[in-house]
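Chain order of the listed sequences is A and B.
Residue 101 in our numbering is what sits at position 101 of the first sequence, and the numbering runs on without skipping anything.
Residue 65 in our numbering is what sits at position 65 of the second sequence, and the numbering runs on without skipping anything.
Possibly wrong hints are sitting among the right ones.
[Stated by the list, open to error] Straight-line distance between alpha carbons at most 25 Å, and here's what the computed SDA-like set of lysine to any residue pairs gives:
hint, chain 1, residue 1, chain 2, residue 2
1, A, Lys-71, A, Val-111
2, B, Lys-97, B, Asn-24
3, B, Lys-42, A, Asn-53
4, A, Lys-95, B, Ser-14
5, B, Lys-97, A, Glu-15
6, B, Lys-49, B, Glu-66
7, B, Lys-97, A, Glu-69
8, B, Lys-49, A, Glu-69
9, B, Lys-97, A, Ile-51
Since the hints were made in silico from the structure, they are not lab data.
It should be emphasised that the depicted structure is a prediction, and the values quoted were computed from it without experimental measurement.
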Amino acid sequence: DGGITQSPKYLFRKEGQNVTLSCEQNLNHDAMYWYRQDPGQGLRLIYYSQIVNDFQKGDIAEGYSVSREKKESFPLTVTSAQKNPTAFYLCASSKTGNSPLHFGNGTRLTVT
Amino acid sequence: AQSVTQLDSHVSVSEGTPVLLRCNYSSSYSPSLFWYVQHPNKGLQLLLKYTSAATLVKGINGFEAEFKKSETSFHLTKPSAHMSDAAEYFCTSGTYKYIFGTGTRLKVLA
C-alpha cells in the first residue's frame, strides 16, 4: 500500500545537536510538507516543497532546514538554532497544491 | 490573509447523540476546505473535502459537512456519535500553504 513513512517514531537528543527526521513517500506526489504540532496550537507549517529541488519556507522555518533531492524524500533537519525543538513533527504529501494531504504517523522529538 | 477558526477547543457528547464541530474560514476566494481526524500519537486522516460541486459533503465514518458561503462556515456533523469517534478534529483551508485550525477534541461519553 502507498503511504508516507516517518522515522524514527521517537527521537531523543541533547541540546546543541542537530538532528534529521526522515520522511519518505511512495504515492508519487509532487508536493511534500513538514508541520510541527504543539498542544493547543494546531499544526504549523515549517517548510513545503512543490517539486523536486525546490522548497519554500512556511510560517516557522527559523532553526530548520530541508532538502528535496528526490521526489520520494523530504528530510527535515532541526538545527541547534531552533529554540524550542521538542515537539511532534508531521510530514505530509499531496498530489497538487489543493489536493488532500496524506500524513505520516509523526516523529516525537525530545531535546533535553 | 486566510484564516481558519475552530470555535470549540473541546466538545463532549453522549454516545448515540449528534456531533457538531464548528469551523469558520476567511478567504477572499472560494477555498479548498478539508476536515481531518487525529487519534493520539498518529498522523491526520482525511475525513472529507469540499469541492465546488456540492455544498453538502459526505465523508468517511458517517461524517458530513456543509459549506455555507454566506456564513463562511464549514461545520462537521455526524447524526450519532460512536465511542471510536473520540479524537481530535482539524479544519483546514488553503493551497500549498494549508492553514489549520487549532483543533477540537471530541470526547464521547458512554
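Hint check:
no.	hint	verdict
1	A/Lys-71 x A/Val-111	violated, 29 Å
2	B/Lys-97 x B/Asn-24	holds, 17 Å
3	B/Lys-42 x A/Asn-53	violated, 29 Å
4	A/Lys-95 x B/Ser-14	violated, 38 Å
5	B/Lys-97 x A/Glu-15	violated, 30 Å
6	B/Lys-49 x B/Glu-66	holds, 10 Å
7	B/Lys-97 x A/Glu-69	holds, 21 Å
8	B/Lys-49 x A/Glu-69	violated, 30 Å
9	B/Lys-97 x A/Ile-51	holds, 14 Å
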